[in-house]
Amino acid sequence: SQKIEQNSEALNIQEGKTATLTCNYTNYSPAYLQWYRQDPGRGPVFLLLIRENEKEKRKERLKVTFDTTLKQSLFHITASQPADSATYLCALETNTGFQKLVFGTGTRLLVSP
Amino acid sequence: EAQVTQNPRYLITVTGKKLTVTCSQNMNHEYMSWYRQDPGLGLRQIYYSMNVEVTDKGDVPEGYKVSRKEKRNFPLILESPSPNQTSLYFCASSGQGAISPLHFGNGTRLTVT
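Those protein sequence lines, which keep their order, are chains A and B. Letter by letter, the first sequence follows residues 2 to 114 in our numbering. Letter by letter, the second sequence follows residues 8 to 120 in our numbering.
Don't take each hint at face value.
In silico BS3-like pairs for lysine-lysine, Cα to Cα no more than 30 Å straight-line [claimed, not checked]:
(1) B:K64 with A:K101
(2) B:K64 with A:K72
(3) A:K72 with A:K60
Pairwise CB distance ranges (calculated) [what the hints assert, rightly or not]:
(4) A:E16 with B:P68: 20 to 28 Å
(5) A:T79 with B:T20: 20 to 28 Å
(6) B:E60 with A:Q82: 43 to 51 Å
(7) A:D40 with B:G70: 49 to 57 Å
Note that these hints are calculated values from the structure, not bench results. Using N, Cα and C, we set each Cβ at its ideal position, and we do this for glycine too.
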């Protein structure tokens with residue numbers, strides 16, 4: 002069956018360290034994958050998109066990798082700050098229609114001062 | 008400011024009492040969609056609309072209706088709400104490009120007793 006998995010346990014790190022979040026999927030062949038940030042009581046906010054032919058994408062302190070062989074995307078936040086504390090969702094394109102995204106359940110990141 | 012506006016933010020109702028959750032976007036986006044978010048299940052698509060008067064079912068459409076009479080509005084209608092529709096609902100919109108990121112509203116927390 003098709004699955005998209007993100008670590009359901011919260012990730013706790015110290016300020017200044019690099020946070021790495023994982024998104025694994027099975028039985029999908031997405032043309033692209035997106036990452037969103039969600040704060041409590043708010044809607045998800047788009048962060049980055051990476052296409053299947055791109056190995057890596059960067060935006061300021063954020064970096065996303067996409068390995069279609071491993072069926073995995075990694076999301077990195079370098080020099081993390083307490084303000085980065087949030088839940089991060091990955092969403093992959095299902096190739097079944099326009100804007101057909103399937104979302105992971107998200108990983109909560111807690112950055113301690 | 009570009010945004011997706013949902014109302015109300017919180018709603019408590021009783022089984023069987025029809026309700027409507029409104030959604031409006033000011034970005035002239037063609038595509039709009041409704042999701043529900045439940046613990047452990049992630050965001051699941053209820054209905055979507057590619058343009059005015061064009062709507063289609065998502066992954067969990069049962070018990071919901073939508074309409075798209077104007078480009079900016081996409082209301083979600085629960086004709087006869089049931090307790091299993093207690094959830095956090097998000098409206099989202101995106102531009103015409105096939106991989107345009109989604110812009111989400113801030114959610115409507117619905118409780119059906």
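Next on the checklist: Need the list of violated hint numbers for this structure, in ascending order.
Outcome noted: Hints 4, 5, 7 are the ones this structure does not satisfy, whereas the remaining hints hold.
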